[in-house]
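Undergrad: Once you have looked at the hints, place chain B on chain A.
Single-letter residue listing:
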Amino acid sequence: DAGVIQSPRHEVTEMGQEVTLRCKPISGHNSLFWYRQTMMRGLELLIYFNNNVPIDDSGMPEDRFSAKMPNASFSTLKIQPSEPRDSAVYFCASSKGGDGQETQYFGPGTRLLVL
Amino acid sequence: EDQVTQSPEALRLQEGESSSLNCSYTVSGLRGLFWYRQDPGKGPEFLFTLYSAGEEKEKERLKATLTKKESFLHITAPKPEDSATYLCAVRAGGGGNKLTFGTGTQLKVEL
Numbered sequence: 001d002a003g004v005i006q007s008p009r010h011e012v013t014e015m016g017q018e019v020t021l022r023c024k025p026i027s028g029h030n031s032l033f034w035y036r037q038t039m040m041r042g043l044e045l046l047i048y049f050n051n052n053v054p055i056d057d058s059g060m061p062e063d064r065f066s067a068k069m070p071n072a073s074f075s076t077l078k079i080q081p082s083e084p085r086d087s088a089v090y091f092c093a094s095s096k097g098g099d100g101q102e103t104q105y106f107g108p109g110t111r112l113l114v115l
Numbered sequence: 001e002d003q004v005t006q007s008p009e010a011l012r013l014q015e016g017e018s019s020s021l022n023c024s025y026t027v028s029g030l031r032g033l034f035w036y037r038q039d040p041g042k043g044p045e046f047l048f049t050l051y052s053a054g055e056e057k058e059k060e061r062l063k064a065t066l067t068k069k070e071s072f073l074h075i076t077a078p079k080p081e082d083s084a085t086y087l088c089a090v091r092a093g094g095g096g097n098k099l100t101f102g103t104g105t106q107l108k109v110e111l
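Quick mapping for you: the protein sequence lines, in order, are chains A and B. By the numbering used here, the letter at position 12 of the first sequence is numbered 12, and the numbering carries on one by one without gaps. By the numbering used here, the letter at position 21 of the second sequence is numbered 21, and the numbering carries on one by one without gaps.
Just chain A, same shape as in the assembly:
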């Protein structure tokens, strides 16, 4: 089975540019999560969706960040404009179920560097 798919795997951009990260969850999973990982703060939840609906976006750092899930098989995380402090590894994860007991499975991540 294909796991969570993320693209691009690496992104280098200049400050002020728009960055779009993409995620395809595991087929049949109905929850999707976006995380950011840095050395200083570890792994932090940015936002998650249940059945394509955003449930908790309290981790989104500021208005420059936005996320969408137009259908069950695709989600995007957009940063506009990007800043050097956004440099991090961004992970997407998905899970199946709705009772809170399900396990989250992570993608390989997108390593973002903003110059």
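None of these hints come from the bench; they were simulated from the model. Here the structure is a predicted model, which means the values were calculated and not measured. The beta-carbon is built from N, C-alpha and C at its ideal position, and this holds for glycine as well. One or more of the hints may lead you astray.
[Claimed, not checked] Pairs of lysine-lysine residues, derived as BS3-like cross-links and limited to a Cα-Cα distance of at most 30 Å, are as follows: (1) LYS63(B) / LYS108(B); (2) LYS68(B) / LYS24(A); (3) LYS96(A) / LYS68(B); (4) LYS57(B) / LYS98(B); (5) LYS98(B) / LYS96(A).
[To be verified] Interface residues of chain B toward chain A, partial, derived using beta-carbon atoms under 8 Å: (6) LYS42; (7) PRO44; (8) PHE46.
TA: What follows is chain B alone, placed relative to chain A:
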């Protein structure tokens, strides 16, 4: 606020030298404690979920245990391929599907 603290931050073992990693947590109504393994340049890989104090789970050389305040990941006779960062996370009651992660223990097993 939910908090997860992992110790030590880094651990170096000789092959075959057993040890334990600690995960202390403060959470309102635990609905699951999760252990993940993360290799460099990769996403976290799920290992275990524990739901109640006294519960134990095993997988190969790894055994996870849970009390009301902490969890341990015991590594028995480790091999170099066990080298990785081990992450602990908790899901709280009323927190929906949100996981709060610790910063991890970086394990290095040497020959």
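Undergrad: Hints first: check each against the structure and report whether it holds.
TA: Do the hints match the structure? See the list:
Only pairs whose Cα atoms come within 30 Å are accepted, and LYS63(B) paired with LYS108(B) is accepted, the gap being roughly 18 Å. Taking the CA atoms of LYS68(B) and LYS24(A), the gap is about 36 Å. The hint is violated against a cut of 30 Å. For the hint pairing LYS96(A) with LYS68(B), the CA-to-CA distance comes to about 27 Å; that is within 30 Å, so the pair holds. Restraint check for LYS57(B) and LYS98(B): the C-alpha separation of about 22 Å stays at or below 30 Å, so the hint holds.
A hinted pair counts as satisfied when its Cα atoms are at most 30 Å apart, and LYS98(B) with LYS96(A) qualifies at roughly 14 Å. For LYS42(B), the interface hint holds, since its Cβ comes within 8 Å of a Cβ in chain A; the closest pair sits about 6 Å apart. Of the supplied interface hints, the one on PRO44(B) holds, with its beta-carbon coming within about 5 Å of a beta-carbon of chain A, less than 8 Å. Interface restraint check for PHE46(B): the shortest CB-CB distance to chain A comes to about 5 Å, inside 8 Å, so the restraint holds.
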